[in-house]
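Q: Numbering (full-length UniProt numbering), first residue to last: 1 to 246.
Everything labelled a hint here was simulated from the structure, so no lab data went into it. Being a predicted model, the structure only gives us computed values, none of them experimental. Do not take every clue at face value.
Within a straight-line C-alpha distance of at most 35 Å, the following computed DSBU-like cross-link-like pairs (lysine-lysine) qualify [stated by the list, open to error]: (1) K233 x K32; (2) K236 x K32; (3) K166 x K241; (4) K230 x K32; (5) K166 x K32; (6) K202 x K230; (7) K202 x K241; (8) K166 x K233; (9) K202 x K236.
Computed beta-carbon distance windows for the label pairs [claimed, not checked]: (10) Q194 x L246: 35 to 45 Å; (11) R209 x G55: 11 to 21 Å; (12) D153 x H218: 21 to 31 Å; (13) N83 x H216: 33 to 43 Å.
All C-beta atoms in this analysis are idealised placements derived from N, C-alpha and C, irrespective of residue type, glycine included.
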Amino acid sequence: HRSYVIHSCDLFYLKMASKVLNLSVVTQAEIKQTASIIFLHGSGDTGHGIREWVGAVLGKELSFPHIKILYPTAPRQGYTPMNGMLSTVWFDRSITPPGRQRSLACPNGPAEDIWTMTDDKMRGQPQIGILANRGFSMGGCMAFHLGYRSRKDIRGVFALSAFLNKNSVVYQNLASAPQASLPALIQFHGDQDQLVLPPWGKDTFQELRSAGVSGHYHTFPDLHHEMNRKEIKMLKDWILKHLPEL
């Protein structure tokens, strides 16, 4: 199996979600699927919502003849940044800057739920892609954990406006269990992002590079905490490079 992932981490984790909800799937049934991508949304969004957003930015549905795209939805749970109101989030978190993390709890529960929901959809495929997006700080965080902690068959990680805490267990895992081959990484970040500050994303990339991850970091001028068409087109090219038709 070969695999890919996208995205960013927020602040620090307090609780973990219990069950992943419905799954939105993009597939071209007339052509045999030889790869899959898991696209994770951000806090408060849904699988259907991120699917529509990517399509609106691109001007058409994001699709590939040989790749199945899976958009799972996080469960609803109390979310601390919203004063405990229910929201579709992969895990709860505090509102502490990434360099001042005090908790090392990990989103293992949601990760296992994601695999439980998506494994049967990807069974028998020689390539797997995992991406996380517009969970710009949460879907991406899950992607980092999925790509560099929970699975050995992931081949790449893509992150939009993403970051990990400075004391993240992802770094600890990479340091304690070095691997000969790690998933490739590509990160995009807008230089006007006021929610996930650009230095947070760049620091994450540099930490991962220091841990042995190979990849590229791209900054987009005048882009806030959002996606643009150039990003998605670059993403498509990157996916096709790493998940070609067999």
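Q: Compare the structure with each hint and give your call.
A: Outcome of the hint check:
{"no.": "1", "hint": "K233 x K32", "verdict": "holds (23 Å)"}
{"no.": "2", "hint": "K236 x K32", "verdict": "holds (19 Å)"}
{"no.": "3", "hint": "K166 x K241", "verdict": "holds (31 Å)"}
{"no.": "4", "hint": "K230 x K32", "verdict": "holds (28 Å)"}
{"no.": "5", "hint": "K166 x K32", "verdict": "violated (42 Å)"}
{"no.": "6", "hint": "K202 x K230", "verdict": "holds (19 Å)"}
{"no.": "7", "hint": "K202 x K241", "verdict": "holds (24 Å)"}
{"no.": "8", "hint": "K166 x K233", "verdict": "holds (30 Å)"}
{"no.": "9", "hint": "K202 x K236", "verdict": "holds (22 Å)"}
{"no.": "10", "hint": "Q194 x L246: 35 to 45 Å", "verdict": "holds (43 Å)"}
{"no.": "11", "hint": "R209 x G55: 11 to 21 Å", "verdict": "violated (32 Å)"}
{"no.": "12", "hint": "D153 x H218: 21 to 31 Å", "verdict": "holds (26 Å)"}
{"no.": "13", "hint": "N83 x H216: 33 to 43 Å", "verdict": "holds (38 Å)"}
Hint compliance for this structure: hints 5, 11 are broken, all remaining hints hold.
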